[in-house]
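The opening residue of the sequence shown carries number 377 in this note's numbering; numbering runs sequentially from there.
Hints may contain errors.
Mimicking DSS-like on lysine-lysine, the simulated pairs with C-alpha atoms at most 25 Å apart in a straight line are [as the list claims (entries may be wrong)]: (1) K627 with K577; (2) K609 with K467; (3) K609 with K676; (4) K627 with K609.
Because the hints were derived from the structure by calculation, they are not lab data.
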Amino acid sequence: MNDKDTSEEDLASLFQAVGPRSEPGADARQRVYAAALETWQALPDESAYRRRYPHWAIAASVLLAGVLALYLNWDAGGRIGEVAYSRGGEKAAGEPLREGEVVRTGRDETLSLRLRSGVVISLGTDAQATFHHHEQVTLDRGRAYVDAETGSVRLHTPHVRIDDIGTVYQVQADARQTLVVMREGRVELAFANRQLALGSKPGAGEFVRVDAAGEIAEQGELTTTDDAWQWHKTARAPLRLNGVSVSDYVKWLARDNGIDLRYGSAAVAQQAELETLRASAAHNSDNYNRDQALETTNFKVREVDEHTWLLDFRNR
């Protein structure tokens, strides 16, 4: 058996081990083709390298590199996120989200998707969204809760375009109208050749309802603890408690409930970063309430008002 036979057998074994793959997206294919062309064009016209290896061999090696990259590594371009949490549906946590994928939820199904940028989008029941790539999504219908603390995304509905600026907001869209409600941060909306900025303040966020004609049908403020926000808790993943720092837990819980969190002192903030919760592996933020979680720690939360918590040492 010669070297050529051995390499072909090795390559065949490699493809067999990897198994069948889904068809890559157009963007991924274009990137591989462009890289292969750039490599070919970078080779010198007349060199010892070309005299030693025939032109067909060089071309074949470049093509093979492109095929392998497309076959084995195209996920870097085609996979734009994953399922973070699913309730009542067929999708499972960790399932990949692909470029251009249309995601639908049923009557009793909610879903949370984490994009590559870090943005988390939770879909309510009877929703449909198209994920063009990790920074552009269209909500065709239904409700979406967008947490863009660590990234950014441009979200379209049939009536508006929404650009976030480090924010938490929710959107509800159907054929007749789009409702955008702020909980934290700021967004910029574009619709019917006009622009509008929505912001928030401790305890309240601005909202706007835009109709199919591109006119503002309603505008005002909604408290961050209003019942209209509660649906997202059926779509987002609960926080597992064991080993989580007191600071991370209380910050997550406050954010999840639209609460402004404050600290009793700088020492409280520093110590809360170091102390961790002690809970079983089964305990999470949905089945273990705040007082139960903090019971074995040196901290307590005092509710200053309905929109504000104060984290302090227990013995104060």
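Cross-check of the supplied hints:
no. : hint           : result
1   : K627 with K577 : 17 Å, holds
2   : K609 with K467 : 18 Å, holds
3   : K609 with K676 : 23 Å, holds
4   : K627 with K609 : 16 Å, holds
Of the numbered hints given earlier, the model fails none.
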